[in-house]
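Student: Chains A and B are the protein sequences, given in the same order. For the first sequence, this note's numbering begins at 6 and goes up steadily by one. For the second sequence, this note's numbering begins at 172 and goes up steadily by one.
The set of hints was computed from the structure by calculation and includes no laboratory data. Predicted model, so just to flag it, every value in this text is computed and none were measured. Yeah, the Cβ is synthetic: ideal placement off N, Cα and C, and Gly gets one too. Warning: the hint list may mix true and false statements.
Claimed, not checked - Per the computed footprint, the stretches of chain A lying under chain B, defined by three or more beta-carbons under 8 Å from a beta-carbon of chain B, are:
1) 237-251
2) 333-344
Stated by the list, open to error - Calculated from the model, a selection of chain A residues having no Cβ within reach of chain B, i.e. all distances over 10 Å:
3) 44
4) 73
5) 89
6) 118
7) 261
8) 293
9) 322
10) 352
11) 353
12) 354
13) 356
14) 357
15) 392
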Amino acid sequence: MTVTDHTQATADTAHSHGVIPDKSRADRIVSFDVDAFPVPTGREENWRFSPVRDLKTLFADEAAEGHLEWATSELPAGVTLTEVAADDAQARTVRAPGDRASAVAVKHAGGAMALTVAANTVVDEPITIDLTGVGGEVRGHLLVELGQSAEATVVIRRTGTAHYSELVSVDLQDNAGLNLVLLQQWDEDTIHAGEVVARLGRDSRLRGTVVTLGGKVVRLNTSAAFAGEGASVDLFGLYFADSGQHQEHQLFVDHAVPKCTSRVTYKGALAGKTAHSVWIGDVLIRAAAEGTDTYELNRNLVLTDGARADSVPNLEIETGEIEGAGHASATGRFDEEQMFYLRSRGISEDQARKLVVRGFFADLIHEIGVPAVEESLMRQIDLEIAHVEEELGDE
Amino acid sequence: MSTLEIRNLHVTVETPEGTKEILKGVDLTINSGETHAIMGPNGSGKSTLAYSIAGHPKYEITEGSVTLDGEDVLEMSVDERAKAGLFLAMQYPVEVPGVSVSNFLRTAKTAIDGEAPKLRTWVKDVKGAMENLRMDPSFGERGVNEGFSGGEKKRHEILQMELLQPKISILDETDSGLDVDALRIVSEGVNRAKDNTGLGVMLITHYTRILRYIKPDYVHVFVNGRVAEEGGPELAERLEAEGYDRYLADA
Ligand SMILES: Nc1ncnc2c1ncn2[C@@H]1O[C@H](COP(=O)(O)OP(=O)(O)O)[C@@H](O)[C@H]1O
Ligand SMILES: [Mg+2]
């Protein structure tokens, strides 16, 4: 057994005035009742880094008229996409919402869309869903359900403009395998608060990748709970925040049963004076979860002055009988020695920066496992770096 | 035929205690085909000389000049210096995680030549150069200097030098920390480059051992930020016998 560290990391003190930390992550409430969650003020543990003012419309307990446009790749045999009425949608959601935005999303989504992969169906080609915002307030509720021993890759790509809140429920029956890729490539005025909640049955495998590049505010929280032994979850995240962007990713892995494995790997780059990223990684190993193996990592690369990355790993361990548990969090400035090394070989400054940033993300991108997505991401990252060059040029 | 000319070079760095002058008037001329050993005790300013010529931003030139074939090197950016034909094999090569050696080499070659190398010949050249330096082909897929041993880093520096074909190369303690086998392999690489391209070499070293494998034409003793004495290979033999104490006494 190796326990690297299980202290609660201290976050930036400037933001912790009046915050009452949870005693245990397990005590945090979940509910379908919007009123169970007061409108966030920014002082709550889970909202303390968030720009609650920008998110205001997503807290309002009222109907929303907007929608996202859906475009879905042809669905293979054994896969269905259906509309589900609100009552049924709620019953099929693996866990109740964990905050007000998520509860509002479920209440006002008018039912859910359910992507269902039948038991024993193995889908080779990625299933892609393109969601495009066309303005307005939008609430979304999505169910992704894999039957026993089903396997699939699902890529959900979000573009356009919206004030969007959502709950994505991921239900993996025993021995199912899902590779879920959520791409946030919104236009620059989009406000997005989302919650992904996953329940992993015995021996099931979830690979979840979150890529956040666009939007003004994106706050996307992922929770994974193990319901059966032998399951594993790999959660990857990649983000690139420019001036004016707030990108927040909170994670919660709940080891409630023995012999499960979790890996969390999030990496972000930040450029521009008001770029802000937040990463909070909570892992709870309950008393029953003997034989747990977990590791979480967050790394941030700060490219320019003024950008700010908050990173809070938190590992809570209630049993000594584990395989391994650790976390690492590092935020570093762009390395001038690396730049000098590359440039001393004739490589121009712009190109050297591109190499370093691409290198920083390279291992993560290769984990996505969908070649088309990987290639397009590399191009997107090049574009982000080109923005950095413009910003540096302006100074 | 190329000439690197260093005249009255004064260099300072910023330290917590204030500005500190490290180079105090260095004069040195290196022509193609010549090998100049720069020998001196630790802290005498050898790396500072190497970095200053390569253009590291930490070092400020306060006086003097550096020219390559009459062109003002100090006016050039770091990458322009490399394109002009200067190469620095670093004492402590830097890790660049996630950037593969093969991608790095191709990018550098393209930048130096101003055009992408012909794929077929390039692959062959890299393979051959790696074989000569006893580097496993799997090296190409590793991250630049990522997890390399000390010896691997130094061989990787020489690999770059052989492929990029500079006019003048500065080797900053390439020999330090190498066992004799690795030292021989690295030295062979330097000698190959000298034979093949008429490379001029500034061979910075703390020890005399490498001079058995790479024969210097000139030896410069470097003490306290300047050249304290110059001579032929026989000077190295004297240093081997007597060490640097004699110079440090009057410094
Ligand atoms: N970047 C730097 N910042 C502060 N001091 C430096 C820096 N680089 C070199 N020095 C100082 O300059 C002197 C010469 O260092 P260096 O050039 O590395 O010597 P050598 O390579 O001969 O061992 C030393 O006293 C060293 O501490
Ligand atoms: Mg040195």
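Student: Could you run down the list of hints and mark each one as holding or not?
Tutor: Evaluated hints:
Closer than 8 Å: that is the beta-carbon criterion, and the segment 237-251 of chain A has 0 residues meeting it against chain B, so the requirement of 3 is violated. Given a C-beta distance limit of less than 8 Å, the hint that chain B covers the segment 333-344 of chain A holds, as 4 residues qualify and 3 suffice. Chain B leaves residue 44(A) outside its interface by the beta-carbon criterion, the shortest separation being 43 Å against a cut-off of 10 Å. Distance check on residue 73(A): its Cβ is at least 34 Å (rounded) from any Cβ of chain B, clearing the 10 Å threshold; non-interface status holds.
Distance check for residue 89(A) against chain B: the nearest CB is about 42 Å away, which clears 10 Å, and the non-interface claim stands. Distance check for residue 118(A) against chain B: the nearest CB is about 37 Å away, which clears 10 Å, and the non-interface claim stands. Listed as outside the interface, residue 261(A) is consistent with that label: its C-beta sits roughly 35 Å from the nearest C-beta of chain B, beyond the 10 Å cut-off. Interface exclusion of residue 293(A) from chain B stands, the closest Cβ pair being 38 Å apart, more than 10 Å.
Against the 10 Å criterion, residue 322(A) stays outside the reach of chain B, whose nearest CB is about 30 Å from its own CB. Interface exclusion of residue 352(A) from chain B breaks down, the closest Cβ pair being 5 Å apart, not more than 10 Å. A beta-carbon of chain B is positioned within 10 Å of the beta-carbon of residue 353(A); the least distance is around 5 Å. Here residue 354(A) does not stay apart from chain B, with its beta-carbon only about 7 Å from theirs, under the 10 Å limit.
With a least CB separation of 7 Å from chain B, residue 356(A) falls inside the 10 Å interface cut-off, contrary to its annotation. Non-interface call for residue 357(A) relative to chain B: violated, since the shortest CB-CB distance, roughly 8 Å, does not exceed 10 Å. Distance check for residue 392(A) against chain B: the nearest CB is about 20 Å away, which clears 10 Å, and the non-interface claim stands.
In summary, the numbered hints that this structure violates are 1, 10, 11, 12, 13, 14.
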